[in-house]
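Undergrad: So you can see what is in the structure, the chains are spelled out below.
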Amino acid sequence: MFIETILIAMREIRRNVMRSSLTILGIVIGVAAVITMVTVGDGATKQVAYEISSLGSNLLDVRPGQSFRGPGGTRSGAPMFKIADAEAIERDVSGLAGVAPMTGRSAQAIYGNENWATNITGSTNNFLLVRNWVLSGGRQFTDGELRAGAAVCIIGATIRKQLFGEQDPVGRTIRLEKLSCQVIGELKSKGQSSFGMDQDDIVLIPLRTVQRRIVGNNDISSISVSAKDGVSTEKVKEEIERLLRERRRIGKNKEDDFNVRDMQEIVKTLTGTTRLLTTLLGAVAAVSLLVGGIGIMNIMLVSVTERTREIGIRLAIGAMEKQVLMQFLIEAVVLSCFGGLIGIILGIAAAAAGASALKVPLILNIGIIIIAFVFSAAVGVVFGFFPARKAALLDPIEALRHE
Amino acid sequence: MITTPSGTGNMYPVIELNNVTRVYGTGTAAVNALQGIDLRIDHGDFVAVMGPSGSGKSTCMNILGCLDTPSSGTYRFKGVEVGNLSRDQRALLRRHYLGFVFQGFNLLNRTSALENVELPLIYRGTPATERREMARKALAAVGLNGWESHTPAELSGGQQQRVAIARAIVASPEVLFADEPTGNLDSARSREIMELMTDFNRDQGITIVMVTHDAVMAAYARRIVRFMDGIIDKEEQNGG
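Here the protein sequences come in this chain order: A and B. Going by the numbering used here, the first sequence opens with residue 1, and the numbers climb by one from there. Going by the numbering used here, the second sequence opens with residue 404, and the numbers climb by one from there.
To be clear, the hints were calculated from the coordinates, so they are not data collected in a lab.
Under 8 Å between C-beta atoms, here's a sample of chain A residues computed to sit facing chain B:
| id | residue |
| --- | --- |
| 1 | 8 |
| 2 | 309 |
| 3 | 316 |
| 4 | 318 |
| 5 | 397 |
| 6 | 400 |
Beta carbons: idealized from backbone N, C-alpha and C, even for Gly.
My request is simple: use the sequences and hints to build the entire structure.
TA: Rendered as structure tokens:
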């Protein structure tokens, strides 16, 4: 009998294709919107997390000056680090994979007729380690080059493209301001970061070379520290802070004049933000699902009125209340489920299109698809019940007389 | 399920009304549509119900068809007191024992003749293949061989009423209630319909209760019950 009731409902839906499709439109749009929003949002979250982790896993960034003091003159009073600070961290803090002291500034790079404004970073081979750089050609610095401050460099993919095009840069010499510098290696591309910076726009030179021949001082502007896998970055951060407070002789009640940023914290903050946005967008989309449900109720009420005589016939012939109720309820549920299915297909298609347009990975969240479908079915039950009850309680005599 | 007293056979009349009244509304606005009806219809009878509009014949038909219940008095269908049954129990009674033919045909639109005839069997839970076979046979019995897939809109009035009759008799009911079945048809079509009903009454022993305004149609019945102002004015036996 239940199967028969479903068949009756299906037959009624087929009988009025136009009305049925308009009825489910609200649900289709609602479900598609939820799935698109959540899928693209998830993709964006993943992308942000991936891009930050490509900066280096378990990375801590140590800089002089206070953070979060608004834009402008923040680091003024704070003294720069010296190489000894980086060495002290490497020596005294446990659980580290690498410490890379860094300095640098922007400069013009020239090769032949090509020139390109880029960022010079002075550091050691540890820079490659802590920032997750991989060489796509050439070699790292030798100890001798690092110690002597040799005029050698490793270039990023952007520079290589701008200055050399398709040529092999290794072994050629580029000019960085007054320094002629031999290219000994090139970095594998990382692409644009989610902050909009081109990470590949970089020239890496031995720290000492940059200090002596480009910036002209012995300062270290920041230290990148990478913790070993499984080591709490929280703990490493505390140790570095304690060590630096000691070295910089900061009194007990004074604030730090440096700050240690934990990349994982930033990852958490940023992914938390995108996740919140995803939830908000999903919620807005869910409202449209609710509106779709009201659309179904509206059409079902109209349909009950329009089919009063049919209901009268069914009742006269011997349909029981619950059978008429089930017929209309199932009709509403089948409609909304069907809308849900079409919405899922459209939603996935739209999410795929959106993901490729926004260049984020397509991550299908099966959970949200199931929830959207169940929700659309529930919408059918909830909003179909009232019209169905109205139909079931009709007086057959009145209903048969209805024009 | 409705259970009739076991082994009843024809011990009880199919229909037995005792002092049945039906009042619509309450207080000063109350309308006494039926004011004490006594009526007995035996198995296999063919009764024509006549009377002017407002005489109470439609009210009486609704009660006989178990669509309505008496305000007072008793209506026994095969010995079962219908007034004591719930809405759903009456639906089951209609499902298993009654068939209806209406003046306006009352077929489902955009539904094939075959599906229309299948409808009562669906509610009876008859398996699909058997159901289709029975519906086909019923359509053949009313002379609509080959019209199974046509929708009501594609059928003439006479054909639509035949489909309605096929739907009413497909489940072999005890009683067929016909409410002015020829009211919308011309005289030739009307005679065909009446002959069909007479056949079912004679050959299958289906009891028929028919409301009509037309004396020519009433002449097909064995008995004529005339209503007037909410009471039965006259009962007469048809000689022919």
